[in-house]
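Chemist: Below are the chains, spelled out letter by letter.
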Amino acid sequence: MSQLFQISQSALMAALLIYSASFVFYMIAVGGKKWSNREPAAHNRKWGWIAFGFAAAGLAAHVTFFITRWIAAGHIPTSNMYEFMTMLAMAIMLAFTVIYLIYRNTLLGAFTLPLTVIIIAYASVFPSEIQPLIPSLNSNWLRVHVTTAALGEAFFAVGFAAALVQLLRVVDFTRTDKAGKRARRWVEGFLLVILIVIGFLVSVFAFRAAGYEAEFRQEVVKIVQGQEQVSVRTVQYGLPPIVKPHNSEVVRFDPFLGMEKPLFTEPSWMQGVNSGRKLNTIVWSILSGAILYLALRLIARKQLGAVIHPRLLDIDPEDLDEISYRSIAIGYPIFTLGGLIFAMIWAQVAWSRFWGWDPKEVWALITWLFYTVYLHLRLSRGWLGAKSAWLAVIGFLVVLFTLIGVNLVIAGLHSYAGVS
Amino acid sequence: MFSNTKCECGHQNHVGTVLCESCGKPLTETGADDFAPLEMRYDGVARRSQKENPDLIDRVWNFFSSVKIAVWLIVLTLVAASVGTLYPQENVFRETLTYEELSQYYRENYGKAGEVYHALGLTHVYSSWWFVTLLVMIGTSLVICSLDRVLPLYRALSKQQIRKHLQFITRQQVVYAGPAPEDRDAWLERFGEQLKKRRYKVWRDGDALMAEKNRFSRWGPYINHIGLIIFLLAVLGRGVPAWNMDQYMYLDDGETEQIPGTNYYVKNEKFTVEFYKDSELPESLKGTLRPKLFNTEATLYECTESCDDPTKEPVLRAVETHNIQVNHPLSYHGLKLYQTDYSENQRLISVSPVIINKKTGEKYGPFYLPMRNPALTYDVGPYNLTLRDVFLDFGIDAQGRPMTKSRDPNAPAFVFRIKGPDLPETGETYIYFPNRVDKVRFSQDQLNKSVADKLDIRVDSMENVSFSNYTTTLNVRVDRAMPFVWVGASIFMIGVIMGLYWNHRRIWLRFDDGILSLGAHTNKNNYGLRTEVAAALNKAGLSVSEKSLDNRRKTD
Ligand code: HEM
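Protein chains in written order, with the numbering used here: chain U, 294 to 713; chain Y, -9 to 546.
Straight line, CA to CA, 30 Å or less: simulated DSSO-like cross-link-like pairs of lysine-lysine:
| # | chain 1 | residue 1 | chain 2 | residue 2 |
| --- | --- | --- | --- | --- |
| 1 | Y | Lys58 | U | Lys653 |
| 2 | U | Lys339 | Y | Lys537 |
| 3 | U | Lys471 | Y | Lys58 |
| 4 | Y | Lys102 | U | Lys653 |
| 5 | U | Lys595 | U | Lys474 |
| 6 | U | Lys680 | Y | Lys58 |
If you're looking for bench data, these hints aren't it; they were derived computationally from the structure.
Excised from the complex, chain U in its bound form (with noise of 0.2 Å):
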């Protein structure tokens, strides 16, 4: 088993590579068109085929990384974050090979791959171990349930990736007048978003790879029936702790740069569990986000937008709003079967009631009522273009908000059982 296990996370990271490259030679698909002596749409051809080959190759590893843990686990690993967060990146692979198919457009794989790489690094954030069921997971529905949402999020994602790239296309950045501005700040905004998501990760593993640790002692105080209960927790960091979690005192402080104590404390109504480390976390987020953003700007000297634009000149919007709508369009049912109705009959079957109003059910919901605005703003109302790619954005937040947000935020300030 061990063995098998061995294997499985070799070849994950073996997918993890394939794609990287992947990705890189989709840049040189789009990005290498206007090199000297080369036949533009020749050259986008050849790489987009190389591109698209490795792309294949990362899937077939992530595909045998997903079914050697299966068999070795004894039961199909989508139970914990670590595992759901590698099988949504299977599945938006597996979205993007049928996306791609239909339309064969570059600057699709160009947004996708780094995608799908970021949500593998995000999975790795977790402990990959492999963990024994607990009886209420242990059943076929919930299976098929997890399965298919995710296939149909992983369309989600694909029509994302595309209004991302048409948003980057449509924004003029030669504009200067107050409506024009208003969307180079918008667009520009969202890559500082997804910077901070990259700076999230490169700090964690970075500290991580580094060994860091801090720890601290947190005394708790709650009120039950009007009694006070003091408790004592151990909350650890991975991160150098520029926020202590409130009414705590350090048991153990690598210094970093100097900072030898934390330099702010956590605001007292944050009250749930390893709030402290969540705030600290999204701290270390933030400023490394931004730092990469000003590296970049330096280094570029305007807007990030700006340097994107003009690669994508050549390529219609329109197509751009067709593929989007495509992938969504696609999604939709897959991720109301899934998401949805086989949701609920595992919840009858388990809980005894196909609908409890859950958190995480309910932002299920929110997802679902989302993208059918959108699907009735763009049929009736006649949404199309930016606006539609606006909304494509959004939507595909919060389904990483119900992937991830809710077991974070909601769950964290309300002490059930969260993660990380």
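Dock chain Y with the ligand against chain U, hints included.
Modeler: Just chain Y with the ligand, lined up with the frame of chain U:
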């Protein structure tokens, strides 16, 4: 604006028509040389909601038939639903709490914000009148918008004219115009063949051609909306009390209980819980108790006789046995029993004690004494016992009288009238505590006074005791609306797949003064339509590129 509704082709259109119902000529002209793609929704046919002088009913109808309003309703529902996830909803508490208790809970756990959240009623968003009203409004809107559109659309699609107005053709999203081929008839034949190969139905009217496929997909949205209506009605139907039951039962091993309000009884034959062995756990979880399986071996009985007669034992007939596990409920004629929880309670199920004559040392028995439903008389050797009273959870009340604190056998006590050697004719009262701790705690020997010197009732060995280690919690449910929920969901899926995985495509073609004009329309996926039209034209001998067919590009 809609004043002149008679088209130049002679057709009299309804008020609100955008494109002539017959020839398709745009009726709301802006300029003769306007080439912008036409608004093709419902083929430009007027809807019920487009009336000239709306009265009140019309206004209500118009309100609910508007997609704009529908979008707002959905957005409001979405926002309300998300607000409800900020703090836990009241339904996480299994017991019913008062307003003050809840207010206190939210204040203590979430501070001022929590208290305000509760006071605003946001702790029960999903059962609030305004949330339910939103859902009802969406339902109404679904019904009305479908009625408003489906008939006009049906009319427009069922009697289509083949020869369309030239403007109608040249203002489609996918267009082609070029010199007419030499032999029109032969070419039309060839082109028609190409379209048939792509599963189009093709009609000709002289030298005009019309081709169409996948019309059924236009009904997809209406079917999915019907599914949603059924689903919403089913959800409302769950509020009907007679359709619904939701209660919890707590059963020790071997215990049988009536399901309240029904003719059914459940017996927990045995409950087992299995934990993962350390070897099955990863490093970080070793040494922790991680449940693997909960299982209640259950039998469901139906009462067949003396069911409502408290003086008689009901006659039970076993109708179903099942291993109830999480994810595997017992199901019988709409009645479902779910494994919900369990608690660790060591309780006696039965004992088989012996009677010892303290004077002679002789031993009689053992005799079988279950905690629940024990027999009323026992003959053990020379002794005769009559059961007078049972206290399953023995205690003393304020007046100093024995009582039972609960119906669970936490501290069982049996009161016998015993007759036999050395005892008076009328017998003596003897109280027996099967649990050794209770015997000491309640001083059995003192309670029994002189009888305690003459005889002793006790359990000889552990083999003669049977324990229940756990109490299983079963959730009993009846939910008669569920089939409708599933039917609604299935219809929704069928409609949504029809509408989103197939597209309705139509192609019109005509010749004017040696010019071939082609227009094509689809309700979605223009890209696919373009590819298809270009391929058909190319195969029929006209060389065109896909992109050149796109009408939208020419206008921006
Ligand atoms: C949560 C509620 C709703 C859901 C999930 C829903 C879902 C859908 C879906 C999936 C489509 C098809 C989209 C497509 O073909 O691309 C659609 C179309 C449509 N929906 Fe809804 N809908 C909802 C509520 C409503 C309401 C309340 C109205 C009332 C005005 C409405 C009016 C329409 C219309 C007019 C269409 C287009 C029909 C056509 O193309 O002929 N929907 N809806």
